[in-house]
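On the provided structure of chain A, position chain B as indicated by the hints.
In the order they appear, the protein sequences are chains A and B. Residue numbers for the first sequence, in the numbering used here: 1 to 260. Residue numbers for the second sequence, in the numbering used here: 1001 to 1516.
Hint data in this document are derived by calculation from the structure and do not stem from the laboratory. Idealized CB from N, CA, C, for every residue including glycine. Honestly, I wouldn't trust all of these hints.
Unchecked claim - Label-pair ranges, simulated between beta-carbon atoms:
1. B:1223 / A:67: 36 to 44 Å
2. A:117 / B:1038: 21 to 29 Å
3. A:29 / B:1042: 30 to 38 Å
4. A:66 / B:1199: 43 to 51 Å
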Amino acid sequence: MDGNRFSPPSAEIAIEFADVSFRHPNGPLALDGFSLAIERGETLALVGRSGTGKTTVLKLINSLLPTQSGVVRVEGRATSEWNPIKLRRRIGYVLQEVGLFPHMTIGRNVAIVPRLEGWPEARVRARVDELLNLVGLDPKTYADRYPRELSGGQRQRVGVARALAVDPPILLMDEPFGALDPLTRAEMRREFQRIQSQVRKTVVCVTHDMGEAFSLGTKVGVLSGGKLAAFATPTEIIRSNNPEVKIFIDSLPKIETGED
Amino acid sequence: MRLIEFWLNNSWEFLDAIFRHLALVAASTGIAVAAGVPLGVVSYRNPRVGAPLVGLANVVQTIPSLAMFGFLIPMPLIGGIGAKAAVIALILYALLPVIRTTTSGLKSIDPSAREAGLAMGMTGRELLYQVELPLARTAILAGVRVATVVGVGTATIAAAIGAGGLGEYIFRGVASVDSVMILAGAIPAAALALVADLTLTWLEHWFAPDRGKGGKLRVGAVATAAAAALLLVIGGLIWSERSGGRLVIGSKDFTEQVILGELLAQTIERSTKINVQRKFNLGDTLVCETAMQAGDLDLYVEYTGTALTAIFKQPVMLDSAEVNRRVDAGYAATGRVMLPPLGFNNTYVILTRGDEARRLGLKTISDAAKYSPDWRAGFGSAFLDREDGYRGLVQAYGLKFRGTPLAMNLSLTYLALAEKQVDLISGDATNGLIAKLDLYPLEDDRRYFPPYHAVPVIRSETLKRHPELRAVLGRLAGKISDQEMRRMNYEADVERRDARSVVTAFLDRHPEINQR
Chain A
1 MDGNRFSPPS AEIAIEFADV SFRHPNGPLA LDGFSLAIER GETLALVGRS
51 GTGKTTVLKL INSLLPTQSG VVRVEGRATS EWNPIKLRRR IGYVLQEVGL
101 FPHMTIGRNV AIVPRLEGWP EARVRARVDE LLNLVGLDPK TYADRYPREL
151 SGGQRQRVGV ARALAVDPPI LLMDEPFGAL DPLTRAEMRR EFQRIQSQVR
201 KTVVCVTHDM GEAFSLGTKV GVLSGGKLAA FATPTEIIRS NNPEVKIFID
251 SLPKIETGED
Chain B
1001 MRLIEFWLNN SWEFLDAIFR HLALVAASTG IAVAAGVPLG VVSYRNPRVG
1051 APLVGLANVV QTIPSLAMFG FLIPMPLIGG IGAKAAVIAL ILYALLPVIR
1101 TTTSGLKSID PSAREAGLAM GMTGRELLYQ VELPLARTAI LAGVRVATVV
1151 GVGTATIAAA IGAGGLGEYI FRGVASVDSV MILAGAIPAA ALALVADLTL
1201 TWLEHWFAPD RGKGGKLRVG AVATAAAAAL LLVIGGLIWS ERSGGRLVIG
1251 SKDFTEQVIL GELLAQTIER STKINVQRKF NLGDTLVCET AMQAGDLDLY
1301 VEYTGTALTA IFKQPVMLDS AEVNRRVDAG YAATGRVMLP PLGFNNTYVI
1351 LTRGDEARRL GLKTISDAAK YSPDWRAGFG SAFLDREDGY RGLVQAYGLK
1401 FRGTPLAMNL SLTYLALAEK QVDLISGDAT NGLIAKLDLY PLEDDRRYFP
1451 PYHAVPVIRS ETLKRHPELR AVLGRLAGKI SDQEMRRMNY EADVERRDAR
1501 SVVTAFLDRH PEINQR
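Isolated chain A, as found in the complex (with noise of 0.2 Å):
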């Protein structure tokens, strides 16, 4: 099945979220003890409604934000007990705009973790050229030019490259496909599974669309109230009768023939 095709060799935690309450400053609550275990090389898929804490789930994790109650873990660490720079720098992060620098080539906003991490020039190089190989743009074309040179979904896997550039063992993508027309979207989820299937990361990936999540997790989690509503393989999300989970899957029909 599904879910079997990126599984892990062990069954080791990468990421886990333990009776996390989070309340943005003067704002409701985003996460109201929420509670989450992400092994080692999964895929998980965070749907839910706009406004349900999805991204605070990120920032969680890269200490973007700060844990306010419960404990989030990193590769069995307290995010409040790393360094908020090394546990970034581990930690590759694909925004919905992207984020690349506009004053920056591609090669030298590939090449931004690398040389803050002080790789030799060098390495540096052949890195970048690797990564722009990896995510289908040729190096030689693409490495020199400027982000608003590029079209939506090669700037999308340009922010891609940035973030996995020094191999981190966890990557974070937030809506990374939303701001895309639904055949480059499509493309990209193709892309995307290619990629996984030679770099295997744990990935947490953000979307508000069921299609989405089904095609890209190995794993589907369901935000509702700032809880998990529902967390298993996309199968068994389908086979759900939680009343939450319906009415993404009530939704999943006609957002899939919009897009094809």
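Just chain B now, kept in the frame of chain A:
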């Protein structure tokens, strides 16, 4: 054509003025950028510090530039006269645009770029240097451009405190009602502002964050070159300002004062080996007085009546001997020495147009009182303020005017009278324009105006260092009659000769002054 002739005839002086002007602007803008960008970063990162900082810079920006230079003269360390005080004032003006555009440039960066930087594990410093500052570059350069253009304009006023530059032509031109000389300073100043604006606009475009190939290397190179040039310019300014062992001679900002300053300078140069530095066109009496108190000025020519009332705040007095005695005592008590009077008495005269005086048969101020209710009057602002000026005059003669008298620059009043903008002004008895513009001095028949004898004033310390100056400058005593002074003023104002050659001619007419 006369303008081009003027530049050609004074090409070295002109180039020097341009260089000094550029140096003042470059030094002040450079320092303001070096200080303003970090302050802008601080105020962006920490709004609690930033708000008061921008507020303060805002307040500084609203201070009129002449007033700013005035404030700085008596300040210890940062103030005084010359390039240093001018650069300080220009820095203060340049800071606001730099701080504000740095802060707003940083604030306007797309938050997703910042978030991406943080998520990639950049430290605050890495984020600042690799993401935030490069993305705010265009905005910061726009601030630098505004600061530079404002600086080019404001630097013209720096001439008022002896910093030199193109403003000196403007001040001298206004003082001698010489439009060619005004343009000789104003046109290149405007051109410099335009060139600076265009160059920096081009740089902004060049350094736009997502502009084509390889802008990054150039930023470093340009910054390094700019820093090196800045050091060179500041070094040059300091070198040109060095006054070690120099005797600084000043003057106020009108023709006669420049001639008298030049006269003191050439007399000393001809008879001694003392190194003389000229700081002419220093604004009004109070600028010279504060500069002298601060030790920035060793020697200049003052008028007894002015010293008595404006400096020593004593009531107006008509008896010359008593005025001399009191002024002498006043200077002695404040560390200065009043040297013997030069001879002429540059008192106030009340002037009307020559044709008007002839038509109405006017001879005295009393005669004019009959017609004055139909006249508009214009006076220098000092005359309007002084006890022995406007208020006393209208009382003594029962003068009435149409409307309130206009307050204007003293030198402009002559032209305003000749051009029939006003019908009566106060002027200096020795002004060369009186004959040139066919103005008529009305006799002071009620003996209202006090004496204004010209006297060199020197700091006691300076005189102790150079005791020979007492004898050298003593030889000028009584040598300049009213006629001699009017002649020299006429040569400078009407014949457009520069002060140097006017004074040289005078000293050549009086060889006894230069005997060793």
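Okay, the hints, checked on the actual structure:
1. Hint check: residue 1223 (chain B) to residue 67 (chain A), Cβ distance near 41 Å, so the stated range 36 to 44 Å holds.
2. In this structure the supplied range 21 to 29 Å holds for residue 117 (chain A) paired with residue 1038 (chain B), their Cβ-Cβ distance being about 28 Å.
3. The hinted range of 30 to 38 Å is satisfied by residue 29 (chain A) and residue 1042 (chain B), whose Cβ atoms lie roughly 35 Å apart.
4. Separated by about 47 Å at the C-beta atoms, residue 66 (chain A) and residue 1199 (chain B) satisfy the suggested range of 43 to 51 Å.
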